[in-house]
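Throw the hints in and build the complete structure from the sequences for me.
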Amino acid sequence: MNRPLRALTRITWRNLWRNKRRTLITCLSIVCYTAALIILVTLMEGFNASTRHNITHVTHGDARVHAPGYLDNQSIYKALDGPDKILKAAAERGVEGAARSLGIGLVSVGNKSAGGAFVGVDPGQEKKVFELHEEVGLGEYLGEVPRGEVVLGARLARSLKAEVGAELIAVVQ
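Numbering follows this note's numbering, with no gaps: position 9 of the sequence shown is 3.
These aren't lab readings, by the way, just hints derived from the structure by calculation. The beta carbon of each residue, even a glycine, is placed where N, CA and C say it ideally should be. There could be a bad hint or two in this list.
Pairwise CB distance ranges (calculated) [what the hints assert, rightly or not]:
1. G109 <-> L74: 41 to 47 Å
2. L34 <-> N13: 26 to 32 Å
3. S95 <-> L34: 55 to 61 Å
4. N48 <-> C21: 39 to 45 Å
5. I24 <-> L65: 46 to 52 Å
6. C26 <-> E129: 33 to 39 Å
7. T6 <-> C26: 22 to 28 Å
8. F41 <-> N(-4): 47 to 53 Å
With a straight-line cut-off of 30 Å between C-alpha atoms, the simulated DSS-like cross-links for lysine-lysine are [to be verified]:
9. K106 <-> K155
10. K79 <-> K122
11. K82 <-> K72
Below you can see the structure in the form of structure tokens.
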């Protein structure tokens, strides 16, 4: 170390301990800020990982295929012709998939009703591709053979005060 730098370091070190309380408060502030920052970044990383997992493994998957113009005007009349061909071509390349019908509608239980997004699925294929069946809290996931069953999200079920086995009336496009 050269002479002026050594002298500056000595003066700085001596000045730090002239007012020990100020130095201690400054060090504690830096430690608390760093700890808060580490906790916040860790929480955000966990939130991002959870969201990514839910989107790719539970609801949407890694990719979605829609008919041309579907996203501009989400109409049931803009459906893919022959999704089985697309699924077969994807399977030949090692990509699993499941066909779905999407719609917006109204669901009611007793005298309570609410709007919701409806997803029509093939339960057997869904179980192979997605993990939604593992997330069902009450009741059971759809059987292999469709029997007019539905799976409600927890918030919608609470809003409608729907119990397992309740009769639902749904109006969907």
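Quick rundown of the hints versus the structure:
A beta carbon spacing of about 25 Å between G109 and L74 contradicts the range 41 to 47 Å that was offered as a hint. In this structure the hint that L34 and N13 lie 26 to 32 Å apart at CB holds, the actual value being about 31 Å. Between S95 and L34 the Cβ separation comes to about 41 Å, which falls outside the hinted range of 55 to 61 Å. Take N48 and C21: their Cβ atoms lie about 41 Å apart, and the range 39 to 45 Å holds.
A hinted range of 46 to 52 Å for the beta carbons of I24 and L65 is consistent with their spacing of about 49 Å. C26 and E129 have their C-beta atoms about 38 Å apart, which keeps the hinted 33 to 39 Å range intact. In this structure the supplied range 22 to 28 Å holds for T6 paired with C26, their Cβ-Cβ distance being about 23 Å. The hinted range of 47 to 53 Å is satisfied by F41 and N(-4), whose Cβ atoms lie roughly 49 Å apart.
In summary, the hint linking K106 to K155 is supported, as the alpha carbons are separated by about 8 Å, within the 30 Å threshold. With a C-alpha separation of about 18 Å, the suggested pairing of K79 with K122 holds against the 30 Å cut-off. Among the hinted pairs, K82 with K72 is consistent with the structure: their alpha-carbon atoms are about 21 Å apart, no more than 30 Å.
Hint compliance for this structure: hints 1, 3 are not met, and every other hint is.
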